[in-house]
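So the sequence lines, in the order shown, correspond to chains Y and R.
Position 58 of the first sequence, counted from 1, bears residue number 58 in the numbering used here, the numbering being contiguous throughout.
If you want the numbering used here, it's the 1-based position in the second sequence plus 112.
Honestly, the hints are just simulated from the structure, not real lab data.
From the three backbone atoms N, C-alpha and C, an ideal C-beta is built for every residue, glycine too.
Keep in mind that the hints are not guaranteed to be accurate.
[Stated by the list, open to error] Calculated pairs, DSS-like style, for lysine-lysine (alpha carbon to alpha carbon, straight line, at most 25 Å):
no. : chain 1 : residue 1 : chain 2 : residue 2
1   : R       : Lys-113   : Y       : Lys-62
2   : R       : Lys-221   : Y       : Lys-83
3   : Y       : Lys-44    : R       : Lys-113
4   : Y       : Lys-78    : R       : Lys-209
5   : Y       : Lys-44    : R       : Lys-154
6   : Y       : Lys-44    : Y       : Lys-62
7   : Y       : Lys-44    : R       : Lys-221
8   : R       : Lys-209   : Y       : Lys-62
9   : R       : Lys-180   : Y       : Lys-11
10  : R       : Lys-154   : Y       : Lys-78
11  : Y       : Lys-78    : Y       : Lys-62
12  : R       : Lys-180   : Y       : Lys-71
13  : R       : Lys-209   : Y       : Lys-44
[What the hints assert, rightly or not] Computed far set for chain R versus chain Y, every beta-carbon distance over 12 Å:
no. : residue
14  : Gln-118
15  : Pro-126
16  : Glu-129
17  : Leu-131
18  : Ala-141
19  : Arg-167
20  : Gly-172
21  : Ser-177
22  : Ser-182
23  : Ile-217
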Amino acid sequence: EAGVAQSPRYKIIEKRQSVAFWCNPISGHATLYWYQQILGQGPKLLIQFQNNGVVDDSQLPKDRFSAERLKGVDSTLKIQPAKLEDSAVYLCASSHSGNTIYFGEGSWLTVV
Amino acid sequence: KQEVTQIPAALSVPEGENLVLNCSFTDSAIYNLQWFRQDPGKGLTSLLLIQSSQREQTSGRLNASLDKSSGRSTLYIAASQPGDSATYLCAVEYGNKLVFGAGTILRVKS
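Bound-form chain R, shown alone (with noise of 0.2 Å):
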C-alpha cells in the first residue's frame, strides 16, 4: 500500500529558526515528489517538485531533498519568518496519482 507519512504534525519555532520538515514514504517507485503550502481557508500552492532522478530542489529560502532509496523525503525552511505560518503538505506521484500526507502545521512566532 502508498502510504506517506509525515513528521512532526505540528511545529511551533521563534522567528529566525531554520527548521525541517519531513516525510517518509512506504512505496519508492515514485515518479516525482511535491511539496504543497495550504493556509487556512485556502488551497494548496506548490513550493518544490523533485523529480525522481533528482536529489534535492531549492527556491529562495526553501530546499528540498529526495532518497528514494531510504524513502524520505525533508524540506528545509531557512531563517523563518512569521508569514511561513501554514501546514506543508508533501505528495508522493505513483504514475499519475499523487498520494499526500496529512501534514505538519507550522506556527512561526514573532
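For reference, chain Y alone in the conformation it holds in the complex (with noise of 0.2 Å):
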C-alpha cells in the first residue's frame, strides 16, 4: 500500500515570497491534515478536511496560508508572502474514518 506522498521534499525561499506544497493521501482516506512542525517542537495543526470540506482551520494563519482539496483526494498548502517564522517542516496525514492516522515525510521548508 502506498503511503502519503509529498512535495517537494525541500524548499528555501526568500521573505516575502511564496511556496506551494503538495499531498496526496493514501487511497480511500477520507480524511486530510495539513500539520506545521517547527523544530524541537511537537506538530501543530494547520487544517483538516474530511473529503473536500474544512472540518477545522482554527490555527491556519489564513492571512498568508491557504490550503485546498478541490476534488477530495490531493491537496495543496500555499504561504504567501512567507515569514522567517514559517520555517518549519510541513506533516500531510491522512485517516480513514477516525483510525491511525499516517503521515508523509514532510516537506522542509527554510526561509531567509
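Taking the hints as your guide, dock the two standalone chains into a single complex.
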C-alpha cells in the first residue's frame, strides 16, 4: 500500500516569496491533515479536511496560508508571503474514518 | 486549554536498558492516545494507539499505558537497542484533532 506522498521534500525561499506544497493521501482516506512542525516542537494542526470540506482550520494563519482539496483527494498548502517564522516541516497526514493517522515524510521549508 | 507535556525532553541510555517515557495531558476527555516515532528527516510513524476505554497496548518490546483520571500515559521500551534512537511523540486525540507533545529525544548508546 502506497503511503502519503508529499512534494517538494525541501524548499528554500526568501521572505515575502510564495511557496506551495502538495500532498497525495493514502487511497480511500477521507480525512487529510496539514501539520506544521517547528524545530524542537511537536506538530501543530493547521487544517483538517473531511473529503473536500474543511473540518478545522482554527490554527491556520489565514492572512498568509491557504489550503485546498478540490476533488477530495490530493491537497495543496500555500504560503504567501512567507515569513522567517514559517521555517518548519509541513507534514501531511491521512486517515480512514478516525483510525490510525498515517504521515508523509514532510516538506522542509527554510525561509531566509 | 488542551496541552500535552512530555518528560524528559531528552534521554540517553546504554544499550539493553529498560526505559520509560512520560506523557501528561490537561484535558481528560480524550478519544484516544497515540505514541509516534520520528526519525531525523522523516515523518511520523505510529507505534501504539490506546483507545480511551483501554488501559494499555503492547507491541513487541513496547508497552504503552493510559490513566485517563490522572491525565498520564507512559511508553515503556524493554531491552533498548541503538535502533530505537529517535524522537518519541505523544499525541492525544480530542474529537477529530490530535494535540502533540514536544517529544522526547532518545539516544541508545551501543
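Against the structure, the hints:
1. Under the criterion of a C-alpha separation no larger than 25 Å, the hint pairing Lys-113 (chain R) with Lys-62 (chain Y) is consistent with the structure, at around 22 Å.
2. This hinted pair does not check out: Lys-221 (chain R) and Lys-83 (chain Y) have alpha carbons roughly 39 Å apart, beyond 25 Å.
3. Restraint check for Lys-44 (chain Y) and Lys-113 (chain R): satisfied, since their Cα atoms lie roughly 14 Å apart, inside the 25 Å limit.
4. For the hint linking Lys-78 (chain Y) to Lys-209 (chain R), the alpha-carbon distance of about 21 Å falls within 25 Å, and the restraint holds.
5. Taking the CA atoms of Lys-44 (chain Y) and Lys-154 (chain R), the gap is about 16 Å. The hint holds against a cut of 25 Å.
6. The straight-line distance between the Cα atoms of Lys-44 (chain Y) and Lys-62 (chain Y) is roughly 15 Å, inside the 25 Å bound, and the hint therefore holds.
7. Distance hint between Lys-44 (chain Y) and Lys-221 (chain R) is unfulfilled; the C-alpha atoms sit about 31 Å from each other, more than 25 Å.
8. In summary, the hint linking Lys-209 (chain R) to Lys-62 (chain Y) is supported, as the alpha carbons are separated by about 19 Å, within the 25 Å threshold.
9. The suggested pairing of Lys-180 (chain R) with Lys-11 (chain Y) is violated, with an alpha-carbon distance near 41 Å, which exceeds 25 Å.
10. The straight-line distance between the Cα atoms of Lys-154 (chain R) and Lys-78 (chain Y) is roughly 21 Å, inside the 25 Å bound, and the hint therefore holds.
11. The hinted pair formed by Lys-78 (chain Y) and Lys-62 (chain Y) meets the criterion: a straight-line CA distance of about 10 Å does not exceed 25 Å.
12. Between the alpha carbons of Lys-180 (chain R) and Lys-71 (chain Y) the distance comes to roughly 39 Å, so the proposed pair goes past 25 Å and is violated.
13. A distance of roughly 10 Å separates the Cα atoms of Lys-209 (chain R) and Lys-44 (chain Y); the hinted pair therefore holds under the 25 Å criterion.
14. The claim that Gln-118 (chain R) is not at the interface with chain Y is violated, since a C-beta of that chain comes within 12 Å of its own (minimum 8 Å).
15. Non-interface status of Pro-126 (chain R) relative to chain Y is upheld: no Cβ of that chain comes within 12 Å, the nearest being about 25 Å off.
16. With a minimum CB-CB distance of about 25 Å to chain Y, Glu-129 (chain R) clears the 12 Å threshold, and the non-interface call stands.
17. Its beta-carbon lying about 20 Å from the closest one in chain Y, Leu-131 (chain R) satisfies the requirement of being farther than 12 Å from that chain.
18. Under the 12 Å C-beta cut-off, the non-interface status given to Ala-141 (chain R) relative to chain Y holds; the minimum distance is some 16 Å.
19. A cut-off of 12 Å between C-beta atoms confirms that Arg-167 (chain R) is not in contact with chain Y; the least separation is 19 Å.
20. Non-interface status of Gly-172 (chain R) relative to chain Y is upheld: no Cβ of that chain comes within 12 Å, the nearest being about 17 Å off.
21. Listed as outside the interface, Ser-177 (chain R) is consistent with that label: its C-beta sits roughly 19 Å from the nearest C-beta of chain Y, beyond the 12 Å cut-off.
22. The Cβ of Ser-182 (chain R) lies farther than 12 Å from every Cβ of chain Y, with a closest approach of about 21 Å, so its non-interface assignment holds.
23. At roughly 9 Å, the least C-beta separation between Ile-217 (chain R) and chain Y is not larger than 12 Å, which violates its mark as non-interface.
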